[in-house]
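> Sequence:
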Amino acid sequence: MTDAAAATDTQSDTVQTKSMDDIMALCKRRGFIFQASEIYGGIQGFWDYGPLGAQLKKNLRDAWWNDVVMMGCNGQNGPNGKPVEIVPLDSCIIQNPKVWEASGHVAGFNDPMVDCRESKSRYRADHLMCLGEKGDKEGQIYAYVESDDDSYAAARKKLDKYKKRTLTDDEVDTCALTDLGADELAITVGPDAKEAGTLTEPRAFNLMFDTITGAIRDEANKVYLRPETAQGIFINFKNVVDTTRVGVPFGIAQTGKAFRNEVTPRNFTFRSREFEQMEIEFFCHADDAEAWYAFWRDWRMQWWQDLGLAGENLIMREHDRDELAHYAKEGAGTADVEYRFPFTAPGYGELEGIAHRTEFDLKQHQTHSKKKMEYHDTTRGEPLPNGQPKGEWYLPHVIEPSAGLDRGVLALICEAYTPDPDRASKVFMKFHPRIAPIKAAVFPLVKKDGMPEKANELRRELVQKFGRYGAIEFDEKQSIGKRYARMDEAGCPYCFTIDGDTMADGTVTVRDRDTQDQSRMPMADVAGFLAEKLGL
RNA sequence: GCGGGUGUAGCUCAAUGGUAGAGCGUCAGCCUUCCAAGCUGAAUGUUGACGGUUCGAGUCCGUUCACCCGCUCCA
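Residues in the first sequence are numbered from 57 upward in steps of one, following the numbering used here.
FYI, nobody ran anything at the bench for these hints, they're computed from the structure. One should not assume that every hint holds.
[Said to hold, decoys possible] For lysine-lysine, the following DSBU-like pairs were computed, each having C-alpha atoms within a straight-line distance of at most 30 Å:
id: 1; residue 1: K510; residue 2: K486
id: 2; residue 1: K278; residue 2: K250
id: 3; residue 1: K427; residue 2: K114
id: 4; residue 1: K504; residue 2: K521
id: 5; residue 1: K278; residue 2: K427
id: 6; residue 1: K193; residue 2: K213
id: 7; residue 1: K84; residue 2: K510
id: 8; residue 1: K294; residue 2: K313
Full structure from sequences and hints, please.
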């Protein structure tokens, strides 16, 4: 998360006034999200989706799948002036562990950490350096943070004070903290500590979950649950190229679960240990990477806005060069689509990252697997005598728009949550009709005079036409006000009510969730009305 | 991992160490021609879990689990 652009939030404080506790209570009450394993006391970092949540999540996933994959960025042309080509993939959660060695995750996800008992600080062990007087085996050693001048200066100062004199650079010896033995660690003073021996032994944080394949528990058969779906795409790059009539530039898209053993799962579903990603790896020539990066960055922002995350709660943030991931250092850049959640406000939390990963991943897999990953581009190269291009072999660059499905759902829920003291439910969920889990409700005004039968006719028609997009509710119990109120809390955009006039002239009342306005229309027009509202 | 807070019905919350309750919601019935109306009734709890002190623990103590906030972390 970041608090960039946080300074401009004074005019709209709608999000800040939304209580995350209230939102979580509604999620439980209406069956959007439950704590996983709740009856056994829960389990940290895992959440289950209830009936409404599951449908909401599916609607968001479907919207992504349809717009990205099936329609190739909603049918628009890419920067090359041609339709954007995307093909789907569904790769395994568990792969050969060498995949994660090649990707850097085995090394990167095992950073040993050191805690300081005195200052309560935590450091990455490989980021800590130590200094002491040359040749001194027993005097105190001072730890400092690598390439942090202030931290180094503080350590030097502490050393001088301990030795009661100012040491010259030549008299000082430095080494990595990870090279220290237990004895030496006991006489080491932490970067933010005054006393020696307050640093713990470096402890590995296993950020990848592992398990074991085969019937026998043998460490040699250790495998990992994927921490990102992306690698499944990279390792299938050649398969797709060889078996599908796609040519660079093109993308491979995939949705699926990923797992990260987060040190501190927090903020409802925002940082879960099991989560679902929606990832595109878009392959293009290095020369075109910058244009494609800009294209994806802009379109992905637009996409989230079109789903209802409009306004100033959504921002696009380009990363500073020094905070880029290792694979993106040399690229055109990385940008995040970020949403201002109640728990991040006035800062923002990441929904999707668009990164230029260069050719890093394909190169890694080419090196580790010793399989050629280069693409033969027959549209490039010098023209041959017969007029055809000579062709060019290269490792494509990758633009990766990687979105968090669960984070998207959470943002949609937070955005939709709208307190309204003037209405019966006191709150309603203002979901965009396209992603609303319940698309419409049909009510007989009273349970007599043939109204339930008539209402059932309409219900049946709507289920047949729209049931694949979401639920069509039918309710004949209790007062009409209660039924409207229930639908408000579930976020159903339109309710259709059959009354005495319906029996006489065939018109029904349509009630709008957001405005609470009511108007009449012929029952025969309802399906057309709903189709238009759902964007079908 | 550290510090602080919280945990009682589906939800929001009460309950001096002394019989576990209310409102809302849910369900059933009556009533009802457009916004949780009205009436009647019903179901729902090992008070997060385990242990201890006590004649007696939702309440006090210990441990543990989960959630929230602040650090930390987030290839």
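> Run every hint past the structure and note whether it holds.
The hints, checked one at a time:
1. K510 with K486: holds, 28 Å
2. K278 with K250: violated, 42 Å
3. K427 with K114: violated, 37 Å
4. K504 with K521: Holds. K504 to K521 sits at ~26 Å (cutoff 30 Å).
5. K278 with K427: holds, 23 Å
6. K193 with K213: holds, 19 Å
7. K84 with K510: Distance ~34 Å between K84 and K510 Cα, so the pair is violated.
8. K294 with K313: holds, 23 Å
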